[in-house]
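Participant: Single-letter residue listing:
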Amino acid sequence: MAEVSLHKLNKKFDTTHVVKDVDLKIRDKEFMVFVGPSGCGKTTTLRMIAGLEAITSGEIRIDDTVVNEIPPMDRDIAMVFQNYALYPHMSVAGNMAFGLKMRKFEKAEIEKRINNAASILGIEGLLQRKPRQLSGGQRQRVALGRAIVRDPKVFLFDEPLSNLDAKLRVQMRVELKKLHERLAVTSVYVTHDQVEAMTLGDRVVVMKDGWVQQVGEPLELYNTPANRFVAGFIGSPAMNFADVTLVENGGSPVAEAPGLRIGLPGELATRARAKTGRKATLGIRPEDIHIATAADAPEHCFDADVEVVEQLGSEILLDMRVGAALMVASVEPTLRVRAHDKLKLALKPGRLHLFDAETEAAI
Amino acid sequence: MAVTALSAAESKRLSPRLRKLEDERWLALALLTPTAVLLGLFIAYPFFEGVLLSLSNARVGHPGEFVGLKNFYKIWNDSIFHTTVWNTFWYTGVTTVFKLALGLWLAILLNRHFRGKAIIRAFILLPFIIPTVLSTFAWKWMFDPTFSVINWTLFQLGLITTRINWLGDPDLAMTSIIVINIWRGVPFFAITLLAGLQTISPELHEAAAIDGARPWQRFWHVTWPLLMPVTLVVVLFSVIQTFADFQLVYVMTGGGPANATHLFATYAYQLGIGTGLLSEGAAISLAMFPFLFVIVVVQLLYIRRVETR
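Respectively, the protein sequence lines represent chains A and B. Going by this note's numbering, the first residue of the first sequence is number 1, and it counts up by one from there. Going by this note's numbering, the first residue of the second sequence is number 1, and it counts up by one from there.
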């Protein structure tokens, strides 16, 4: 049982305010991912939970204990570092044993735990090696093993996969997910990679400039982003944005821009009506755009000039100019299309997003 | 592509003799020759001459002839030489321990973040930068029997009632030169160990802190083992230099009082140059060689073991 709660958490380095009023409750056994661009304060938040960074103001609790003043060693946490931070002069077994030795565990118990962790991670054959004799992936496993043997209340991960090559990263991502299911320990994971965040997290915290932008399950962030930043950050390729003006056309609200005139559906229309005449940002994901057919209402169609065609095999990405805006569409791989073609495209009206031009909050 | 084309064009213009340097063997020879000549002329040749001298009975004004190991036999039975050997080991051992301990302590302090770090780091080097003879003269005044500022301070503080004759008492004289050597040597240890400390990733300390290691344990289990290769190299350098030290003792005590502070180098100088017994002086100098040789070999073997660990 371990809950981590952050209350009005702030961090200032001299004059720079890097973490601002973070309020968050990480539930027991939850895999919580912090994601955001570099400098958004996600790693600092993690380091404050670990006790490696002093808290400027606010409160961190693990279960019911306020840990603000408790040193890292007494917080019952384990951390996996970006650069692994393996002790270079110790063997793999020595690295895993270190934390247990410091806590005065029995020798037999230490051995048992090391063997158990090694078999979970498939590194039984490496126990006598030194870190420099290991590949990046193996080091990563040892770093995980060092955390596992401790059997802590909370696992903290600081961009653990960012030093691995792309293929290994995908593989380790899957293993981390399995590992979490198996161990069921509350985990906090920091990454700048939104794919990692989406695939690993039970819930995801999106941060920017020290502020929490949105907290939610991955699909929640994908489907109903709270603001333009989250909308653009989550999802790949990124959501398309167009600057539009909200106007009334025969009683129904329309988002209008040069070369673009999109009728707003249902609830979105209701919310947009309050802002008629105002500027806004229209958002649509590349995967929600398709080639127009007879079934598409004309108010959801638009013309586009194809500038670049990116063949990915499983899909085609079209980089297009739509009026003044640049947009990307993800279309069927069977489509025959070439650069400079003119296409009639349609979007799924239910998948439209609108953001306030000033506050950038979702409308 | 452009680079290879250029160098090919250039090599065409080179004279045949210079083109030979494209061959690594010739290049190596050309680069090594100046060093080899210098070392040969100023190290190997004098060393060889020293060996010859030590096997003769040369004095000033007397070329001498071959006498075998007679000089070595003579110093073997020389009680001042015995004192010299003991002094040198004592001087080297005590100063090295203190220089290492103080240097490491300073290095750890300097490795922290604080205001004016760069200036303090530069200041620390001062004793090392000032020419030894100059700083030793300053120390000589501080230990002067009549004008000693140390005595004055102790007296004013009420800690002593009579003057301490720092350089007149054999034990105090030895202690004094040990103190000065430590003062002069600590910066070298501190700066080198600081460089070593800075190569240790802070993440390792954080990992150890989370693993439950207290500050002292972090030092003992993480910092110290990782600093070991650097430490060994610094100690090796320092031992060689201290073992063969000359200037400091020569300026402070000249080996006195009553030969109580002689080291190999000062005794060899006194006997060889001071009294003109060139061959005996050479023999004393050479007597340093086996000791240093053993120390260096042992340390180098150990360094290799630590580095391949």
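If you are wondering where the hints come from, they were derived from the structure by calculation, not from laboratory data. Since the structure is predicted, the reported quantities are computational estimates derived from the model, not experimental observations. Errors might be hidden in some of the hints.
As the list claims (entries may be wrong) - Mimicking EDC-like on lysine to aspartate or glutamate, the simulated pairs with C-alpha atoms at most 20 Å apart in a straight line are:
id, chain 1, residue 1, chain 2, residue 2
1, A, LYS12, A, GLU69
2, A, LYS130, B, GLU203
3, A, LYS279, A, ASP356
4, B, LYS117, A, ASP356
As the list claims (entries may be wrong) - Partner residues are not named here, just some residues of chain A that face chain B (Cβ under 10 Å, in silico):
id, residue
5, LEU52
6, ALA54
7, ILE55
8, GLU69
9, PRO72
10, ILE77
11, ALA85
12, MET90
13, ARG103
14, ARG146
15, PRO265
To be verified - Label-pair restraints from in silico Cβ distances:
id, chain 1, residue 1, chain 2, residue 2, range
16, B, PRO202, A, LYS29, 48 to 56 Å
17, A, LYS8, B, LEU154, 15 to 23 Å
18, B, LYS20, A, GLY136, 41 to 49 Å
19, A, PRO258, B, ILE200, 56 to 64 Å
20, A, ARG61, B, ALA195, 52 to 60 Å
21, A, GLY136, B, VAL294, 38 to 46 Å
22, A, VAL170, B, ILE200, 27 to 35 Å
23, B, ARG115, A, THR199, 43 to 51 Å
Cβ coordinates follow ideal geometry from the N, Cα and C atoms, glycine included.
Participant: Now, for every hint given, state plainly whether the structure supports it.
Facilitator: Each hint, compared with the structure:
Taken as a hint, the A/LYS12 and A/GLU69 pair is honoured in the structure, with Cα atoms around 17 Å apart against an allowance of 20 Å. A threshold of 20 Å between alpha carbons decides the hint, and for A/LYS130 with B/GLU203 the separation of about 18 Å falls inside it, so the pair holds. Under the criterion of a C-alpha separation no larger than 20 Å, the hint pairing A/LYS279 with A/ASP356 is consistent with the structure, at around 7 Å. A hinted pair counts as satisfied when its Cα atoms are at most 20 Å apart, and B/LYS117 with A/ASP356 does not qualify at roughly 49 Å.
With its C-beta approaching chain B no nearer than about 5 Å, A/LEU52 sits inside the 10 Å limit, and its interface hint holds. The beta carbon of A/ALA54 comes no nearer than 13 Å to any beta carbon in chain B, farther than 10 Å, and the hint placing it at the interface is violated. Hint status for A/ILE55 relative to chain B: violated, with the closest Cβ pair at about 16 Å, above 10 Å. Interface restraint check for A/GLU69: the shortest CB-CB distance to chain B comes to about 15 Å, outside 10 Å, so the restraint is violated.
Because the smallest distance between the Cβ of A/PRO72 and any Cβ of chain B comes to about 5 Å, under 10 Å, the interface hint for this residue holds. A hinted interface residue such as A/ILE77 counts as satisfied when its beta carbon comes closer than 10 Å to some beta carbon of chain B; here the least separation is about 7 Å, so the hint holds. Restraint check, A/ALA85 versus chain B: the minimum CB separation of about 4 Å is within 10 Å; hint holds. Among the interface hints, the one on A/MET90 holds; its C-beta lies about 8 Å from the nearest C-beta in chain B, closer than the 10 Å criterion.
Annotation: A/ARG103 was flagged as interfacial toward chain B, and the flag holds, the nearest CB pair being 5 Å apart, inside 10 Å. Taking 10 Å as the C-beta cut-off, the interface hint given for A/ARG146 holds, the closest approach to chain B being about 8 Å. The criterion of a C-beta within 10 Å of any C-beta in chain B is not met by A/PRO265, whose closest approach is roughly 51 Å, and the hint is violated. Judged by the Cβ atoms, the range 48 to 56 Å given for B/PRO202 and A/LYS29 is violated: they are separated by roughly 31 Å.
In this structure the hint that A/LYS8 and B/LEU154 lie 15 to 23 Å apart at CB is violated, the actual value being about 58 Å. Our hint of 41 to 49 Å for B/LYS20 and A/GLY136 holds, since their Cβ atoms are close to 45 Å apart. As the Cβ distance of A/PRO258 to B/ILE200 is approximately 59 Å, the hint placing it in 56 to 64 Å holds. Distance hint for A/ARG61 and B/ALA195: a CB-CB separation of about 42 Å, inconsistent with the stated range 52 to 60 Å.
Distance hint check for A/GLY136 and B/VAL294: the Cβ-Cβ separation is about 44 Å, which falls inside the suggested range of 38 to 46 Å. Hint check: A/VAL170 to B/ILE200, Cβ distance near 33 Å, so the stated range 27 to 35 Å holds. Look at B/ARG115 against A/THR199: about 46 Å separates their beta carbons, and that is inside 43 to 51 Å.
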